[in-house]
Each structure stands twice: as C-alpha cells, then as structure tokens.
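Q: Given next are the chains, with one letter for each unit.
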Amino acid sequence: MRTLTVFCVAVSMLLIVSAMSPANAAGDNGLVAFRVGKVITFDSDDRVINNAVVLVRDGRIEAIERARDFDIPDEAKVVEKPQAWLTPGLVELHNHTAGSLGDLNDLVYLTNPGLRTLETVVPETENVKRARAGGVTTALLIPGSGTNLTGFGTIVKFDGPGVDDMVVRSPGSLKIAQAGNPERYWYGVGRTMMNYNTRRTMEQALEYHQRWQAWEDGELDERPLFDPIYDDFRGLYEREYIASVHTQMYQVVMTTIDMLAEHLDVHTVIAHGTFDAWKVAPLVLEAGMDQVQAVVGPRQFHLDNTQRKIHGVAARWWQGGVTELGINTDAPVVPQEELTYQAAMACWYGWTPYEALRGITKVPAEAMLMGNQIGTIEVGKDADFSIWTGDPIDPRSANLMTVINGRIVYDADDERLF
Amino acid sequence: MIAVLNDLFGCHKECRSVYFPVTQETGCMKVLLAGLAAFLAGSIAVESAAAPPDKLALTGGRIITVTGDDIEEGTVLIKHGRIVEVGADVDLPYDAMEIDTTGMVLMPGMIDPQSPRGLDRPNENVPVVPFLNVYDAIDPSRLFFENSLRDGITSVHVMQGNNTVVSALSRVVRPIGLSVDEMTVEPEVGLKLAVTPRSGADRISQMFELREAFAKLEHELNRLAEEKYEESLEEDENIDVGPGEARQQGRELLRDSDFSDKQRNLVRLLRGDLSAWFYAGRATDVGPAVEFSRHLGILDSSILVLGNEAHRAVTELEDAQRPVVLDPSLYHRSRDPMTGEIEEVFVPRIIHDAGLEFALQPNPSASMAERYLNYQAAICVREGLPREVAFKAITYYPAKMLGLEDDLGAIEPGKRANIVVFSGDPLDFDSWVEQVFIDGVLAYERDRDHRLQKLLRLEREGHEVIDPGPDPDEGDTKTDRESGEQASDAGADA
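Heads up: the sequence lines are chains C and W, in that order.
Going letter by letter, the first sequence gives residues 1 to 418 in the numbering used here.
Going letter by letter, the second sequence gives residues 1001 to 1494 in the numbering used here.
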C-alpha cells in the first residue's frame, strides 16, 4: 500500500519472524479439495449442499459439488471433514482492534477528516489469531467514536504475515459517530452543535469532491489544489466505500438516515442501531436497503423501562421489514471471536438462526461493498470459509478450520485455541 | 432448511408477539401513513395501516370555534387535512366519512407556545448559537410528544431553553410523525434572546454578550458591504463617495448567500423574517428587553417570555404592547419582609387588564393538573377572566405569536384540521380527551391509548398504581432518561 508508514513495516517485519503462520494447504499446483458434510452457500438460490466438495484453486473457489457427482482431481490435496459444516468466512463490520487500544481514535477536533486506521494496523496480534480461531476472515477496522468524525477505516483479511497481506481496501469506510460519545468532547456539546458541525464538514468535503469532478470533466480551467484532509472523501462520494456510523437510539439514527443517506447521498451503514432505534425501520425502507443497511450490536436486546419489556434488537429490525440485517461485536467490546455468539444472542431474543448466519457473512460483506468478492460460497469468489462441528450459531459448535484466500490460517488439529 | 433450524432451536419467526404493527408486506408508503396516524409503536398504536380518508365530517358535537360563537350540534367538514366548512347546517358530500360526536365538545388543537422538551437537552454550552437549528436535536420518540398528543396539544413550538444568550433557530412541530420532517408544521420561527443571565453569568455580562452579538454582526456587515461596493466598481473607477454612503450602497448589494451561517439568522431576525423571543425571567429584565428590542428595531416582531415575577414590570409591558408567554405557575406569591404577610397575585389578571395578549404554558413539573393546558385556562376562568380569552390563550394567541394564525388556533374554514374532541366541556375537569385530529388524521383515540387504559384498569381493579416517578423526558436535570442510557451505551462501546 502506498501510504504505509515505516513504523508499520518495521513492526510487521518483526512479527513475521516471531509468528510464522501455518503452511499453505495447497500443493505446488495450488489445488485443494475440502470434503465436508454440509455447505451453506448463501448463493442466490440459498442452496445448502450436503456431503459436498469445495474445490479451491489459487485462492479462489473453482467448484462446489455433491461428493458423489464429483471426481476430485488426483493432483489436489484433500482435506477430509465429512461430518462438518462449511460456511462462508465470518465478516465483521465493526472492529476496533486494528492496533493497540491507545490508537482507538485521536480526539483533535470535533470532526477529524484526514485520519486513517491504516496507519495503526498491526498484523499477527493475539486479537488477529483469536479472530481466525473464531472463524472470522474479514473485518472492517474502524476508529472509535470519541468525536463525530474519527477518520477512515480499513478492510482487512485476517491473513498474514505482513500488513500488505491483510489490507483489502483502504479507505474501507468513513467512520461517523452521530451522537452518544462525542458529547464529552472538550467542554461538552449537544446534538444541535454536533450535527451542524458534522454536516458542515461533510459538505465541505463534498464541495472539494465536486470541484475535482468539475476539473476532471473539463469544466474548470484551473486544477484544484490537492488537500489531504478531504481527498479520501472522494471515494465516499463516488460510492466506492461506505459511511459506517456509530448511531443508536431513535432520534440519532433518524438523523443519520436523514443527513447521510438522504441529504448527502452516501451508502450508509447503521453500525449500532440499538435501544429503540428499530422504530425507524420504515425510514430505512423509504431510503432503500441498498442505501441504508443495519448491522446491529453489540448489545442484542433493549430493556424498555417504560413498557417493562425486553426487545430483541435484531428481531425488531427484522419485524420492521429490514431484511438486509447484520450483527456485529464492536470488538473489543465483545471479543472478535464471539461473533457467532452475538448471532446466537440475537436468536435467543427472537431472530432466526439461518438469517442470523447470513447476518454475519453475506450481509456485512455486501454492506461493506465487498459482496462480489466475499460473503458467500460461490464459484469464482475468494476461498474464505470456516469449517465447524455443527451450525455455527449453535453455541455448542466449535470451529475446526479457517481458510483465507485458500490458505489454512487456523487448524484446530494443530493448536486448538478454544 | 429454515424450518429445520427453527425446530432445532425451538424458535420461529413469529414466536414473539409482533408489537410493532409493521410487517414486510405492508409496504413503505402505507407504513409512513400509519406512522402519521399512530406515531410510534407503543401505547397509542392504531392497528390498521389504512390510509386516512380524504373527506371527514365530525357531526353532532358542540363546537367551540374560539374566534366566533359556539355552535350547538354543529358539523365540521374536513377535506385533505383542512377545515372547509363549519356550521349547524352543513350538507355532507356523499363520499365524506362521518364521525358522530354527538354529546361531545370540539375545540381547536391546543398549542404549546415554546418548549425545549422535545430536545436532547435544553441548551448548548455555547451561549450564542443562532447558526444552530433545533431540527438536529428533536427526538420524535420522546414521551413528551406522546403526552402532548394525549393532552390535546396538536402543535408544539420547539425552542431551546432560557440558559442561553442567543438560541438556535426554533420550529413548530406536531406531536406525530416518524421523522422531524414529517412532524414539521413551520420550519423557521424565531430565536430566543435571553436578557436574564444564563447560569454563571451576571446581568452586566449577559447584556454585554447580547449586545456584542449584534454589534459584531453590524461590524461584519459593514465590512461585507464595503467589499461589495468595491467589487461593484469598474476597474478604473475611483471611489468618490464617503464611507457611510459606500456602505449603504454596498448593503443594498448584499444577498442571502453572502452571509455566513453565524450571520444569516441574525440578519433575518433584524429584517423581521424571524421573530425574537426575549426571555425576561425577572421584572428587572423586562425594561432592558424592550429597550434592546427597540434599539434593534424589531419590537414589532418580538415576543416576551416572562418569568413568574415579571408581571411587576407591568408598566413597561403595557408600554411595549407586545404579546407575552406567561410562566407556567400562574400565581405569584411573595412574603412581605417586614410584616411576614403573604401576598398572592393572579398573574394573567394583571396582564389581561394591561390589554396584552398572552399564551399559557403547561407546567410539567407540577404534580397537579397544571400540566394540562385546558386546566390552566380553567383556572383563568375561575379567577374571573373572560372564557373567550382563556380559550384564546391556549389556541389563537400562541398561533398569532408564531405567525400561524391563518393555519392554527381556531375552528374555521381554511385552517388546518387540528381538532380535539372532549367528552364534555374542556374546562370541566371531569372531561376527557376522547379523540384528537391533526391535519384531518385521527391521531389519538382514548380507547386505544394502551398506556392510559392500563392505568385506568389497574385503578378500577383496586390495585395500587405505582408512581412512575418523575417524567423521564422532563427538565434540565442530568437524570434525564436518555442521557443515562446514552452514557451507558457509550460506556459499552469503544
């Protein structure tokens, strides 16, 4: 990546030496066949294939077939897990464990355009290893919510050994914290001030983008000045990546939809959606689920004190018609490897296991605009998956193996973490 | 596949009660219409998501028009959210839905003349904020709005609190709708200018900051005007007028787009496009408020928001002849420091005798019935004010202050169909709000007010009704339900 700091490279060099990953599963020809009991594909037909083979070549899925109808090529290395479930690699849209917690966010101004989590990514940390052991293959690493705009996130795979091997897209998102933390900035601010200031920053960035667009379209005589503070916003307004928004509670989420999705027309992901935020479901439907998506958590229930009633957060969103619905951990708030438990919690409070599994694979992958590459088991997609003793949403199930880009990055037979 | 998983975990999609009356099948527009009628899922839910009828006739009830005579057994005909005909003898179109209100009493929807209670907090910590807008902090899910609807208040002027120098731009909303846009009746009303010191300030610094805000504006506008004037000159043209003349010419060239966010609303205030709501909490503040308003040349668009004691400046108020918003506590009690005698004054009497129009406010902090605007009006009648004035003080007068007297505040043709149906006379305290219509939509029915019905049922069955404690939405306090929740959320989240 073009902007890696010397520091990051140095750290990663050290780590390469200290933490060599398991060897590539494939033979010299890059071909490996996974023979499993069940494949949950989440393809367009929602196929579930029992007793199947997933054939991987050079990091991509080449074939998914019933085992009895398929001859495994002789030159392929075979991984036999005939009782196990193979599911798409889990995708985390809300992760703060890029580097140390000290790097969570820089609280310079109330909005901080120009900052990136990319500068803080450290490979092969304990967090990364545990995430793999939990079946998580891809994550959006985002800054915290200490101010209204804390910078740009990075989409990584939990591959290694270097930073370059991890980063899939940078910037991967813009992190906005609509309200509910930035209030503590300096001497305290409220929602009139925060929303005014956030909108102003976003509009200034939009003006910058439009100026450059005009130049590129030949409508300006003078080349605009390059501004590193605003340049990363160009991809956001081009819809190459998303705004992932720390937003929860009715009024705050309503403002998010209004300001970001409607007014500024950016692809918006509600990255908490907790408390009574599910009541804005009709506004999400109005804006369109291709414009606004909800990936909810970390808390999966809301105790409504006035009603004396517990609401399941995901279940309520789902009942409100928001069918593009995901689940997050907000790691390290809930440890990254417990993403499946988060989905199980959502089911405990009224959601459905199959949809919940989709909500930690396909939905977050599409929400981070990576749906053409990851999130399902389909021919041509990246060979990112995990292999479980049973349904991953069932807390009794254990992860046996995690594969990223066709490479086995976790194998419980070698060293089982949990 | 899904069924198998369901069986495995003993869980089905429909296994929990569907409390939120929205399913995937209802479709978006319908949902939003239901939102209009039902506001939020909860105690005031309307089960059906059908569209409201275009034409509606409320027949048979006694109509308190407020601006005209009462009509016994009258009819209000509503078309597309507006009142089109009112009278004892109205021909109904064949396609109007008729709602029988025989035995009931209809009055215009009541108006909360100014309140910060729809916001996350009453004020920002910055004292001069005319560039901010309450739009960014109105929370449609607040219990305050639900209670307003339940109490027959159909319009709320959401304005920041008194702990300020110059407040954010205020707006008028109705207590129904899923988003602020849906709630909005009038998006741009006015600014609050506080003469009474905000917390931590004294009267000298408060007035200084207030004057400084406008002095600074004047200075900046002069500078802008000079620039404009110079821009208007040809390249080889010499400046041949004095600076005063140049500024004046430049001022005329200024357009709205020339003003910064911080200037724009102040300029509009000075032009009279926005109203100025001067907060005078004590009698001593009334004089300076009026004087400063005159100094700015905006007395004609000024409203005075008074504290409980401010009626003592009645001479100044009489002189200014501007409408006032009264403190929610209508009685002022003072103890003579020498004799110990307690003197009680009924404030609306003094204001009325001074020939001023006034608006009453609900008093949410009182444990008694003062939270109901119709009760506040009833007290005025008990103290001898004309019945007509008492009704106007909760409907027509606040509508006038907001510049919305063509839309709100009376039951007459052309106005928004905001109508409260009471079981009896609104000033009798055993009357209930039975139905509330907002813009011709049935927004509230007592029979379907689940929260209220639950309380009444508990009482009927002889259960002790648990005191829920202070209203969670209320007040400037830090114990606010939401800030508490927010803090805990923030704590859990990195």
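Think of the hints as simulated: they come from the structure by calculation, not from any bench.
Warning: the hint list may mix true and false statements.
A few chain C residues facing chain W, derived, Cβ under 8 Å [unchecked claim]:
1) S100
2) M370
3) Q373
A short list of chain W residues far from chain C (calculated; beta carbon distances all over 10 Å) [what the hints assert, rightly or not]:
4) I1071
5) A1088
6) R1121
7) N1123
8) F1131
9) A1137
10) P1140
11) A1168
12) R1198
13) E1212
14) G1287
15) R1294
16) N1308
17) L1442
Derived, one-sided and incomplete: chain C residues facing chain W with beta-carbon distance under 8 Å [what the hints assert, rightly or not]:
18) Y185
19) M193
20) R223
21) L225
22) I229
23) T255
24) P282
25) T306
Bear in mind the structure is a predicted one, so any value in this text is a computation, not a measurement.
All C-beta atoms, glycine included, are put in the ideal place defined by N, C-alpha and C.
Q: State the violated hints by number, sorted upward, taking the hints as numbered earlier in the document.
A: 1, 2, 3, 6, 7, 8, 9, 10, 11, 18, 20, 21 and 22
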